[in-house]
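Residue 4 is where the sequence shown starts when you use my numbering, and the numbers rise one by one after that.
One thing to keep in mind: the hints can contain errors.
Claimed, not checked - Cross-link-like lysine to any residue pairs, in silico, SDA-like; alpha carbons within 20 Å at most:
1) K119 to S95
2) K49 to V150
3) K94 to V60
4) K112 to Q46
What the hints assert, rightly or not - Restraint-style ranges between C-beta atoms, simulated for each label pair:
5) F35 to Y148: 46 to 54 Å
6) S31 to T84: 41 to 49 Å
7) F35 to E120: 44 to 52 Å
8) S144 to T83: 14 to 22 Å
9) K29 to I153: 33 to 41 Å
10) V30 to Y148: 28 to 36 Å
11) H140 to E61: 12 to 20 Å
12) N121 to A88: 43 to 51 Å
13) S144 to V27: 18 to 26 Å
14) S95 to S146: 20 to 28 Å
15) E25 to K94: 16 to 24 Å
16) G80 to V34: 37 to 45 Å
Bear in mind the hints are in silico, worked out from the structure with no lab data behind them.
Every residue, glycine too, gets a C-beta built ideally from N, C-alpha and C.
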Amino acid sequence: MKAFKAITLMSIISASLVGCSEDVGKVSLGVFTTSDIFIDAKQDPKLPGVTCHISHVEANFDLSDPSNASIACRQTGPITTQQLATIDTSKSGEIVFKESLSILFKSLKVRRIYDKENNTLLYLSYSTKETKGSFKHSLSSVSLYQVNRIN
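Could you put the whole structure together from the sequences, leaning on the hints where they help?
If you want it as structure tokens, here you go:
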């Protein structure tokens with residue numbers, strides 16, 4: 004019964020996160036595999052002028068998707084100093100996207116970190132479960148050269 008509740012909860016969470024992104028691409032990995040690469044576009048909820056494209060593999064008949072993911076973020080609209088004032092400027096930043104990769108415990112997270120010295124936003128995507136001795140991660144940055152530094 005607990006397993007059923009966990010599966011139901013994860014399904015609800017996954018379904019609610021689907022609405023937060025736009026599916027912009029799907030590439031088949033071949034005839035003899037059930038895995039595909041999906042590319043999603045996600046806007047930063049606090050900085051809608053930043054769009055991140057995240058590619059990840061989905062294995063259609065597995066209970067857990069692979070941990071590998073790639074991220075590329077760019078400025079796609081205006082970013083104001085008022086918007087920047089709302090973000091977490093600590094060294095660990097804040098989670099801006101989260102998506103389940105399995106029924107239990109594995110998820111893909113994207114964390115925004117502000118690099119004050121270089122006036123740059125860093126977007127780190129990472130898996131929360133160790134795979135073959137390492138935690139899979141990818142990094143992208145968005146320069147704020149036309150925006151005033153956060154104090």
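Results for each hint:
Of the supplied pair hints, the one linking K119 and S95 holds, its CA atoms being roughly 13 Å apart against a limit of 20 Å. With a CA separation close to 15 Å, the supplied pair K49 and V150 stays within the 20 Å bound. For a cut-off of 20 Å, the pair hint linking K94 to V60 is broken: about 30 Å separates their Cα positions. Between K112 and Q46 the alpha-carbon distance is near 14 Å, which keeps this suggested pair within the 20 Å criterion.
For F35 and Y148, the hinted distance range of 46 to 54 Å is satisfied, since their beta carbons lie about 47 Å from each other. The supplied range of 41 to 49 Å is met by S31 and T84, whose beta-carbon atoms lie about 44 Å from each other. Taken as a hint, the range 44 to 52 Å holds for the pair F35 and E120, whose Cβ atoms sit roughly 49 Å apart. Distance hint check for S144 and T83: the Cβ-Cβ separation is about 19 Å, which falls inside the suggested range of 14 to 22 Å.
Checking the proposed 33 to 41 Å range against K29 and I153 shows it holds: the Cβ atoms sit about 37 Å from each other. At roughly 33 Å, the beta-carbon separation of V30 and Y148 lies within the given 28 to 36 Å, and the hint holds. A hinted range of 12 to 20 Å holds for the C-beta pair H140 and E61, which are about 19 Å apart. For the pair N121 and A88, the supplied restraint of 43 to 51 Å is violated, since their beta-carbon distance comes to about 18 Å.
As the Cβ distance of S144 to V27 is approximately 21 Å, the hint placing it in 18 to 26 Å holds. For S95 and S146, the hinted distance range of 20 to 28 Å is satisfied, since their beta carbons lie about 21 Å from each other. Taking 16 to 24 Å as the suggested C-beta distance range, the pair E25 and K94 does not conform, at roughly 31 Å. Distance hint check for G80 and V34: the Cβ-Cβ separation is about 40 Å, which falls inside the suggested range of 37 to 45 Å.
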